[in-house]
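Participant: Go ahead and model the full structure; you've got the sequences and the hints to work with.
The primary structure of each chain is shown beneath.
Protein chains: 2
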Amino acid sequence: MSYRTLGVIGGMGPAATVDFLARLLAATPAKGDADHMRVLMDCNPQAPGRNAALAGEGPSPGPTLAAMARGLEASGAELLAMPCNAAHFWADEIRAAVAIPLVGMIEVGVAAVRVSGARRVGLLAADAVLRSGLYSKALAAAGIDTVEIEPDAIMPLILRIKAGDTGPGMRAEMAALAAGLVERGADTILAACTEVPLVLDQSQVSVPLVDVTQALVEAVLERARR
Amino acid sequence: MSYRTLGVIGGMGPAATVDFLARLLAATPAKGDADHMRVLMDCNPQAPGRNAALAGEGPSPGPTLAAMARGLEASGAELLAMPCNAAHFWADEIRAAVAIPLVGMIEVGVAAVRVSGARRVGLLAADAVLRSGLYSKALAAAGIDTVEIEPDAIMPLILRIKAGDTGPGMRAEMAALAAGLVERGADTILAACTEVPLVLDQSQVSVPLVDVTQALVEAVLERARR
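From first to last, the protein sequence lines are chains A and B.
Residue numbering for the first sequence follows our numbering, starting at 1 and increasing by one per position.
Residue numbering for the second sequence follows our numbering, starting at 227 and increasing by one per position.
Hints were generated in silico from the structure; no laboratory data involved.
If you're wondering where the values come from, they're calculated on a predicted model, not measured in any experiment.
Yeah, the Cβ is synthetic: ideal placement off N, Cα and C, and Gly gets one too.
Hints should not be assumed to be uniformly reliable.
Label pairs and their in silico Cβ distance ranges [as the list claims (entries may be wrong)]:
| hint | chain 1 | residue 1 | chain 2 | residue 2 | range |
| --- | --- | --- | --- | --- | --- |
| 1 | B | K363 | A | G167 | 21 to 31 Å |
| 2 | A | V115 | B | P394 | 26 to 36 Å |
| 3 | A | R95 | B | A300 | 46 to 56 Å |
| 4 | A | R95 | B | P434 | 19 to 29 Å |
| 5 | A | T166 | B | P434 | 27 to 37 Å |
Listed next, the stretches of chain A that the computed footprint assigns to chain B, with coverage defined by at least 3 CB atoms under 8 Å from CB atoms of chain B [stated by the list, open to error]:
| hint | stretch |
| --- | --- |
| 6 | 14 to 23 |
| 7 | 141 to 154 |
In the EDC-like style, the derived pairs of lysine to aspartate or glutamate whose C-alpha atoms are separated by at most 20 Å in a straight line are [what the hints assert, rightly or not]:
| hint | chain 1 | residue 1 | chain 2 | residue 2 |
| --- | --- | --- | --- | --- |
| 8 | A | K31 | A | D187 |
| 9 | A | K31 | B | D391 |
| 10 | A | K137 | A | E148 |
| 11 | B | K257 | B | E444 |
| 12 | B | K257 | A | D165 |
| 13 | A | K137 | A | E173 |
Facilitator: In structure tokens, the structure reads:
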């Protein structure tokens with residue numbers, strides 16, 4: 001098995017990027033160093049905020065993300081992944097900037113929900129993803145309902161995770177948000193923000209949990225194969 | 227606080243690179259994404275093997291490492307770090323290829339040993355590091371004795387860690403190697419291979435453990451500060 005060189009548009013947030021890299025390693029069948037994929041990464045935590053941009057309160061991160069993609073391509077990346085759901089609002093701008101493919105996280109997430117057989121998905125996502133309808137529109141087109149978390153309930157948690165809080169208290173709070181969505185009728189929880197799985201796993205949720213970060217890892221492994 | 231952009235020459239092995247990135251994140255005082263350092267990484271697990279090269283059984287990784295360094299510099303890196311002790315045998319070749327500094331892991335490791343007050347260091351390192359005397363010569367110059375692990379004892383463990391085995395059995399085997407060095411008179415254990423701290427921490431060692439990966443993280447944070 002050999003792989004094409006992956007370019008990672010990262011830093012949104014940096015801990016989510018490291019989580020993605022660690023899972024990519026764990027998911028790669030390898031007997032030694034040389035069996036792993038070459039990965040170029042631009043982890044740029046100074047990229048303009050996605051939530052502020054979509055709320056009309058800050059500049060678009062699109063040009064920065066496109067420049068990062070171009071830099072990775074120039075360095076030898078043969079395909080791109082970006083472990084941040086919200087940043088995919090600017091996926092078209094990134095794709096227009098390079099000649100290599102971007103493995104689309106939203107498409108991957110929607111495909112994972114479809115194969116799960118979910119009918120009513122509880123969406124744990126950041127304000128930008130909720131506001132833009134990135135998932136809810138795509139899921140609706142696939143005939144799948146969504147129940148969305150309230151931005152005011154989840155944004156303080158995401159900001160605390162980005163500040164480094166991934167302890168038991170935080171894990172309990174995120175699990176409670178998931179439970180609230182189940183009470184509102186969700187038959188599946190979609191972890192559609194890369195900070196969410198840093199503090200939430202299947203053991204904390206009473207219905208199936210679809211983790212888009214893991215789905216992206218698997219899609220990258222599949223698409224990077226030579 | 228703001229930082230210069232770090233370039234990481236990685237992939238030796240990839241899990242050690244991710245460990246370095248995770249610790250760099252954890253050690254950075256940050257209230258949110260934007261407080262973290264921008265990090266460019268070339269994680270290239272296909273770089274020629276360091277142990278084979280120093281045993282005269284394979285090509286030198288020097289040209290590959292120098293090319294990676296040049297690529298990171300061209301992409302905007304302002305200083306370099308390479309979380310692999312053995313690869314520092316080629317540090318001069320890397321430094322000659324770029325105009326930006328490489329934070330030298332061996333110098334950082336030796337400095338950490340000096341401040342620890344150790345007199346006789348038990349060296350847990352790969353064959354290439356033992357064979358080249360990277361640490362033993364520098365420590366001797368500082369008046370510090372070394373007790374070295376036998377390559378035949380540690381290399382099978384390092385290769386198993388690179389193949390993904392970081393379980394309790396492996397942890398016990400690595401701890402036993404450390405204990406053997408203490409029996410031979412070591413008053414400090416030096417984890418001088420980036421795979422070692424993936425399975426060994428202070429709780430498993432009866433004398434102080436100096437972890438060069440952590441020392442590199444702290445040196446990078448210090449030197450990257452603007």
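Participant: So which of the earlier hints does this model not fit?
Facilitator: 1, 3, 4, 7, 8, 13
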